Structure formats: structure tokens, C-alpha cells
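Taken in sequence, the protein lines are chains P and D.
The letter at position 9 of the first sequence is residue 9 when you use the UniProt record's numbering, and the numbering goes up by one with no holes.
The letter at position 93 of the second sequence is residue 93 when you use the UniProt record's numbering, and the numbering goes up by one with no holes.
These are computed hints drawn from the structure, not numbers from a lab.
As the structure is a prediction and not an experimental result, all values here were calculated from the model.
Worth double-checking, as some hints may not be accurate.
What the hints assert, rightly or not - Label-pair distances were calculated between CB atoms; the ranges are: (1) Ile224/P x His48/D: 14 to 24 Å; (2) Asp168/P x Leu249/D: 54 to 64 Å; (3) Asp5/P x Arg2/D: 21 to 31 Å; (4) Asp5/D x Ser152/P: 25 to 35 Å; (5) Ala222/P x Gly174/D: 48 to 58 Å; (6) Lys49/D x Ala222/P: 40 to 50 Å; (7) Pro220/P x Ser87/D: 28 to 38 Å; (8) Asn62/D x Tyr59/P: 34 to 44 Å; (9) Leu249/D x His60/P: 45 to 55 Å.
Where is the CB? At the ideal position from N, CA and C, for every residue including glycine.
Below are the chains, spelled out letter by letter.
There are 2 protein chains.
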Amino acid sequence: MRVQDQLWERGGNAANTSVVLAQLGVKTEFIGTLADSTLSRLMVEDFHKYGVLIDHCIYHNNCKPPMSCIIVNSSSGTRTILHSNRSLPEVMYEDFELLNLNNYTWIHFEGRNVEEVLKMSERVVMHNGQFIESHDRIQISLELEKPGLKPSFCKLLPKADVVFLSKDVAKESGFQNGEECVLKFSKDVKPGAVVVCAWGELGAWAVGPNGEVVHSPAFPPAKIEDTVGAGDTFNAGVIYALSRGSSILEAIMQGCKIAGDKIGHQGFKIDAGTVTT
Amino acid sequence: MRVQDQLWERGGNAANTSVVLAQLGVKTEFIGTLADSTLSRLMVEDFHKYGVLIDHCIYHNNCKPPMSCIIVNSSSGTRTILHSNRSLPEVMYEDFELLNLNNYTWIHFEGRNVEEVLKMSERVVMHNGQFIESHDRIQISLELEKPGLKPSFCKLLPKADVVFLSKDVAKESGFQNGEECVLKFSKDVKPGAVVVCAWGELGAWAVGPNGEVVHSPAFPPAKIEDTVGAGDTFNAGVIYALSRGSSILEAIMQGCKIAGDKIGHQGFKIDAGTVTT
Numbered sequence: 001m002r003v004q005d006q007l008w009e010r011g012g013n014a015a016n017t018s019v020v021l022a023q024l025g026v027k028t029e030f031i032g033t034l035a036d037s038t039l040s041r042l043m044v045e046d047f048h049k050y051g052v053l054i055d056h057c058i059y060h061n062n063c064k065p066p067m068s069c070i071i072v073n074s075s076s077g078t079r080t081i082l083h084s085n086r087s088l089p090e091v092m093y094e095d096f097e098l099l100n101l102n103n104y105t106w107i108h109f110e111g112r113n114v115e116e117v118l119k120m121s122e123r124v125v126m127h128n129g130q131f132i133e134s135h136d137r138i139q140i141s142l143e144l145e146k147p148g149l150k151p152s153f154c155k156l157l158p159k160a161d162v163v164f165l166s167k168d169v170a171k172e173s174g175f176q177n178g179e180e181c182v183l184k185f186s187k188d189v190k191p192g193a194v195v196v197c198a199w200g201e202l203g204a205w206a207v208g209p210n211g212e213v214v215h216s217p218a219f220p221p222a223k224i225e226d227t228v229g230a231g232d233t234f235n236a237g238v239i240y241a242l243s244r245g246s247s248i249l250e251a252i253m254q255g256c257k258i259a260g261d262k263i264g265h266q267g268f269k270i271d272a273g274t275v276t277t
Numbered sequence: 001m002r003v004q005d006q007l008w009e010r011g012g013n014a015a016n017t018s019v020v021l022a023q024l025g026v027k028t029e030f031i032g033t034l035a036d037s038t039l040s041r042l043m044v045e046d047f048h049k050y051g052v053l054i055d056h057c058i059y060h061n062n063c064k065p066p067m068s069c070i071i072v073n074s075s076s077g078t079r080t081i082l083h084s085n086r087s088l089p090e091v092m093y094e095d096f097e098l099l100n101l102n103n104y105t106w107i108h109f110e111g112r113n114v115e116e117v118l119k120m121s122e123r124v125v126m127h128n129g130q131f132i133e134s135h136d137r138i139q140i141s142l143e144l145e146k147p148g149l150k151p152s153f154c155k156l157l158p159k160a161d162v163v164f165l166s167k168d169v170a171k172e173s174g175f176q177n178g179e180e181c182v183l184k185f186s187k188d189v190k191p192g193a194v195v196v197c198a199w200g201e202l203g204a205w206a207v208g209p210n211g212e213v214v215h216s217p218a219f220p221p222a223k224i225e226d227t228v229g230a231g232d233t234f235n236a237g238v239i240y241a242l243s244r245g246s247s248i249l250e251a252i253m254q255g256c257k258i259a260g261d262k263i264g265h266q267g268f269k270i271d272a273g274t275v276t277t
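Given the sequences, and given the hints that come with them, work out the whole structure.
Set out below in C-alpha cells:
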């Protein structure tokens, strides 16, 4: 079969979030593992293009880079994702330990490789313990996107200041909508943390320290072109807004707007006009 | 969906044939167009790995390399090929004109971009006209693999010394089997030319100057792993054998053996034991 077009994109949730944040003017570093192969140069070149720092990435020889082939049906918009990740190791605590935490104001974790990420987040919590003023502390955000990690990821929840839950994780936990999801998960996070759940075309819900659930509608484009990475873009918008002192409602609206812009075109180039904060 | 494994391969019919020939010890050059992109480095690295010369390849900026995503069903062995070629230009006669034909003893053409390939083959025929001894002449082989080029490719048939017809082209022409195909096509080629048609698990048929149709069975491996490029590998085996003076039957048997070996493993690494000529 002839396909109408092909598009190559660097992928990965946190990597996508990083390139969006960098375009919003935030000095952003991505820390992940990369296969030392020709294909990985596509990732490195893309990070460079957007100005994302990758100085602490870990390169692994003799392994295949994770890859997804995403087949998009141009009439229905449905996606079929064929994903392969055979051999690329995860980031380990030993890698994270090399970071000078004084250089960071916000650290966003993908909720995977739970035992190691737990140690990393505990290191950040311990680092934060030396500061009296909250603005000196590193904000920790955590994305729980893929189902199937429960209950192990529950240990991560109390470590984060902001928790992003996906629709898939919400459904796996038996919740029917975003409001129910953020309310119930707010019992498992640390006091005062923000819990966010985006729900596709229904927008996003969030709850914060005062227990009030807020909702933002979605801001869909006239024509949906590419939904790959919409959630990662949403996360970037929320992190950006919260890090600049926006309210929780403003932050999820920012996330929905920037994600709506993203799905209107292919790839992760952000239209500056969608940033309102 | 998780896939069991992924494999990246440089592709292209003539490119595949080239890397097989190079492994058989033949000094081989590939001439084609390449998109000047990171992805094309995969091709260049692979050609270098097998020692295929690519000094006359033409690089094009601002275009996407042709790409196929081949989904293999591990139970049924069926392949679904999603192919994209949006913008990479073909090799033109002007590119071919730069070659010093004295450096070549055999030139194999993919039967595509017919008007240009016709001019190229006519240049070779003219070059050959200066030689009395047939062993001084450049042998021309031509692969007609994809259906839908008829009737335009008929102009190419009288230029070649060896014509490879695929099962698809045979069927498109109304032939039910390889024997019928080579017999009928032998009327359209130049006198004395060899006509070859491989027919998957049924083996291959060929006819030469004396009009006798010969057949080689297939030599399937114990387990079929990867049939991508089997035909290109077959072609390399036949070209190799004919260029060393083998009979037509020996040549198609060589082609079937090496193709049978190829489909027993992934990729184009050739087991030296399958070369009998």
C-alpha cells in the first residue's frame, strides 16, 4: 500500500514535553537513555534544533533504539501504534545521582521504572529539605500515563508536587471521568499537591490544595492533523504555567490550549500565539 | 501493540542486489539517488559495511527518503508493506552520462523511470558496438518487478542480455506460471538474451539462446524468517553465476539457493556456503 505521507519524529513522553517547554522559553534539559546508533542521531538533532540540553543523557552500545511505527488513517483519524523496545536500558539512580540538583528548579519524571524513579524523587525530596522557602525547592512533577503499573506506582504519588494522570490510568483505576479521577487520587498524593487529569476532547480536570476541582474545556483546532504527543504537550503547558505562578485553572487551560494547537499540525513546533500566561 | 522485534534495513531492489553481489566477491557499485538526510546515513553505512561503492550516487536536498514499513505476521509470515516515496527524484540520463563505461563489465537496471533508463541502456549498447569480442562488451541486465509499467517497459526489453521478470509482472501479462512467462517474453527480447522468472516457492524458470526452458526448484530453509529482498538476492545469484560463465540452469539454481539461504535469516548477510559456482 502506498501511504500518503510519512513523518519522522523523535518521540518519548518526557522528550516531547522537553521540546515544547524549550520553545516556551524555559531552559530545559532532557535526561534519558539513548541507543548509540544512527537512528538516535535523529533524536539528538531534534533536541539540538529546539535547544533542549542533553548533556546528561546516557548512551548505550549494542542495543536498538525504541521505535514506534504509527499508522494514521486519514479518513477516521485513528492511530495504530506498533511499538518496539527490546533492549534499551532505563535511566538508573546512579545516572541521576550525577546531577547537581542546585541547577534545577523543576524536575518532571515519567512514571516508569518505578523503583529507580522512587530513589531519584527521594533524593530530590531530601535536597528540598534544606530549604525553608518553598520557592527554593525543586518542584517535582510525575506523569502516570501507561496503565499496568498499578499498584507499584502508588509509592511515587506522595513524592510529587504535581501528578499527571492519563485517561487510561484513570479508567484502569475504575474512574469514569476526570473529575472523579482527580478527586480520588488527591487522597493518595502528598498534602497540597496538584492532581491533573486530561480527558481528550472533554478537556482537563485538576484539583489542588483547597480541594476545589477545576475544569478546562478542550480547544480543538479546525482540523485535527496529528494527535501524537498531545498529552506530553498538555503537560508542558501546565508545568510552564504553574512554574510561572499561574493558578491551577489557568495552568490546565494553558495546557489544553497548547495541546489543541499541537494537534492541528504535525510535529511539535509550537505557535507562540497559544501561550497566554 | 507491542511488536516482537524490529529490524532496520537499507532497501531498494538494486541496492539489495548490490550488497549480495559485493559479498560474493564482485566489485560492485550502486548508482542511485539518496535523500541528503540523517536517515540516508543508514543506507550509506550499510553500503560501506558491505564494500559497495557509491561514488556516483546523487544526493538530493530537501526531500524525504523513500521508506517502507514492513509489518510481518510471525504466525502466518504475511507481510504488509506501507510504502512512501514522496519526493526523491530518479536517476537521470545526465547522471549516468558521467560514468566511464570502460570501468564496468555488467550493468543491471531496475525497470523504472523507463524513458531515462532507455537512454542509459542505449548508451551502453552504443558503447558495446565498438567491440568485436563479446567478452569485451558490458552485459546488460534488466529487472521488471513491479506491475503497472506495461506497455512502456517493452521498449527496454530489446536492450538487455538478461531480463528478470517477477511473478507479479508475469501474472499481469496473463501468464499462469514461470515457464509460460519466459517462453512468451523470449519473443520480445533481443535474440540470444536470457529470460528469467522466479516464482516463489515453485523455484525459477529461464530460457536462453537455444530456446530450451530450464527450471530450478526452490531451496527453502527449515524456517522462513524474512522474505524481504528474496527476489533481489535471487537476481544477484543469477548475475554472479552468469558473469562467471555458468550455464543458465546453474545460474538460476545459484539464484534459488542464495535466495533460499537469505529468507532463512533476517537481512542480507550471505552464508558463503550457499555459493556453489
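Structure-based check of each hint:
Checking the proposed 14 to 24 Å range against Ile224/P and His48/D shows it is violated: the Cβ atoms sit about 42 Å from each other. Evaluation of the 54 to 64 Å hint for Asp168/P and Leu249/D yields a pass: the beta carbon distance comes to about 60 Å. Separated by about 25 Å at the C-beta atoms, Asp5/P and Arg2/D satisfy the suggested range of 21 to 31 Å. Roughly 27 Å separates the CB atoms of Asp5/D and Ser152/P, a value that falls within the hinted 25 to 35 Å.
Taken as a hint, the range 48 to 58 Å holds for the pair Ala222/P and Gly174/D, whose Cβ atoms sit roughly 49 Å apart. Restraint check, Lys49/D to Ala222/P: a C-beta distance of roughly 48 Å satisfies the suggested window 40 to 50 Å. Against the hinted window of 28 to 38 Å, the Cβ-Cβ separation of Pro220/P and Ser87/D comes to about 30 Å, which satisfies the hint. Under the hint 34 to 44 Å, the C-beta atoms of Asn62/D and Tyr59/P, about 30 Å apart, miss the expected range.
In this structure, Leu249/D and His60/P meet the distance hint of 45 to 55 Å, their C-beta atoms being roughly 50 Å apart.
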